[in-house]
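Here the protein sequences line up with chains A and B, keeping their order. Take the first sequence: its letter number 123 is residue 159 in this note's numbering, and every next letter is one higher. Take the second sequence: its letter number 156 is residue 177 in this note's numbering, and every next letter is one higher.
These are calculated hints, taken from the structure and not from any lab test. Among these hints, one or two may not hold up.
As the list claims (entries may be wrong) - Below, a list of computed lysine-lysine pairs in the BS3-like style, where the Cα atoms sit at most 27 Å apart:
{"no.": "1", "chain 1": "A", "residue 1": "K357", "chain 2": "A", "residue 2": "K280"}
{"no.": "2", "chain 1": "A", "residue 1": "K430", "chain 2": "B", "residue 2": "K131"}
{"no.": "3", "chain 1": "B", "residue 1": "K172", "chain 2": "A", "residue 2": "K299"}
{"no.": "4", "chain 1": "A", "residue 1": "K354", "chain 2": "A", "residue 2": "K285"}
{"no.": "5", "chain 1": "A", "residue 1": "K300", "chain 2": "B", "residue 2": "K170"}
Residue-level listing of the chains:
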Amino acid sequence: MSLFSIFTFEFCLIKMGRKLLLEKAHIENIRFYDVYRREGGYRSVEKALKTMTPDAVTEEVKKSGLRGRGGAGFPTGMKWSFLAKPEGVPRYLVVNADESEPGTFKDRYLMEFIPHLLIEGMITSSYALGSNRSYIYIRGEYAWIVDILEQAIAEAKNNGWLGKNILGSGFDCEIYIQRGAGAYICGEETALLESLEGKRGNPRIKPPFPAVKGLWDCPTVVNNVETIAAVVPIVNEGGEEYAKIGIGKSTGTKLISACGNIKKQGVYEIDMTISVEEFIYSDEYCGGIANGRKLKACIPGGSSVPILPANLLLTTAKGEKRIMNYESLADGGFASGSMMGSGGFIVLDDSQCVVKHTYTLARFYRHESCGQCSPCREGTGWMEKILLNIEKGKGKMSDIDLLWDIQRKIEGNTICPLGDAAAWPVAAAIRHFRDEFEWHVTNPDDAQRRNFGLAHYADPIHAPVTS
Amino acid sequence: MSLRFSDEKLKEVQRIIEHYPQGKQKSAVIPVLHLAQEEFGGWLSTEAMDYVASVLSLKPIEVYEVATFYSMFNLKPVGKYMFEVCQTGPCMLNGSDDIVKYIDEKLGIKPGETTADGMFTLKTVECLGACGYAPMMQQGKYYKEQLTKEKIDAIIAECRNAVAAKN
Ligand code: FES
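Please build the complete structure, drawing on both the sequences and the hints.
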């Protein structure tokens, strides 16, 4: 962190704890229209449709610095501005509610507790993009949430926020829900579109990007639930105000779903100025490590991002406090950093085995690979098998190098990012926890009876770490 | 063909088709397969898939290739109640292995198996987006979260009672 950003950080502390999305989520019956409206809901639709042009809405989103909350962190305003607008061709907004990245359960929380926020965000965003027919693609397992959303849509429609000529603006909009049927890959936007077209969820080769050729070959924007919900405060308060929250390119608030071995698992809204340490240990958030144990490791942004040992999680390799935002979590690159990803924050205590945890993730990616690209289809299965062998005390030293080699050959060699997502957790586990892998090989019997423990993974870092 | 949706369900199919622009009813295949699975005994036989194809004017292969891709579609018969226990990282950290083991002890079924009376199927699944409420499983439409042995006992008893009440 530069001196300047340290200054900004101190400054922002004053506003810490600011909530934009979940501020009202606890209000009784906020799930229903009357209460949501009484609390100021649907103001952004009124403001946009009555006083702004569609381009002006996009402009505010650009100014806000909002970045895609699904995992990739791409600037939303820019994504919107890429949308092609040929005459006479429909455009679509598709909300990605396929939330399937292990560790991530924030969109579900938002949709369950304050569904109208998503619907409101969708109407305002659909207006900006010129989408008269917008979809929510939701993972099939969230079956009961479909009912909640259906009800919210019906309520919005009965109150004139959906349908033809909304608020007399001439803008028509309908929202439909599409349920998936169990496929992590459908969280990838082009796989999602294939699925929405009634096909297998095989990602498409890009280009063409969905902004030009998306759903049924029409220009399409696919955005995450949280991203679209954030459009509500952005339009209400203005992009510039939104951008004042946070640090640098990490503007606004972010939902973090925290799980694993912490005292208070759940969904938290943070304003990206707090330190990782505070997030884990303060009572306002995770409340510390459960059962009096110690922090061993953490995957801070969903299963695909690199796992970090306790020491590199709390401080960067340069010895600075790590902050819960896009830049700071990535500080040090893959050698010593990780990523904000989807905000799925997975904490491992000192009784956990990194080899076993990595094995479950490798199994997950093998299960979820769509099978189109050989490196991913075959490689994920090999990694799973080798990891299981090591975990069961049947591994060889050369297996660790073989694992490294396989993940290297998957990364960057597939149509979609699932290959990278499968490779990174394995790479990071070996990079930072090689001792633990080797211990499984050299102490196969011991490894069946106990775990490696904390070892040196929380020791203070003095010298910069090299990979 | 003996399998058929009721008139009410056929209306529902029609409502689903209306979600899409004209001529795009292929998009309805996943929602209609869900409907078929619910209606025709919790799984999709070839006959059921062929029926879905005919309802949507698709070729059977267009339905098969979708049904075989998505993990929620059961291509073999399953028990009346399905316990789908998540076993991915975050759930494993909170004891999902013990839950699987306990269900096996109680019902004598391993993952992928169904009890002889056709009541229960145990299945291990990957992350269901409930990682903060682990260990957990899906049972029918709903999630059962923060599972303990006691909760499993109660769920099993509840299922048995529901069936007994019907008979
Ligand atoms: S890991 Fe089990 S629900 Fe996410």
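Hints, verified against the model:
For the hint pairing K357/A with K280/A, the CA-to-CA distance comes to about 22 Å; that is within 27 Å, so the pair holds. For the proposed pair K430/A and K131/B, the alpha carbon gap of about 24 Å is at most 27 Å, so the pair holds. Proposed proximity of K172/B and K299/A is supported: the alpha carbons are some 21 Å apart, at most 27 Å. Of the pairs offered as hints, the one joining K354/A and K285/A holds, with about 21 Å between alpha carbons and a cut-off of 27 Å not exceeded.
Taking the CA atoms of K300/A and K170/B, the gap is about 21 Å. The hint holds against a cut of 27 Å.
The earlier numbered hints are all upheld by this structure, with none contradicted.
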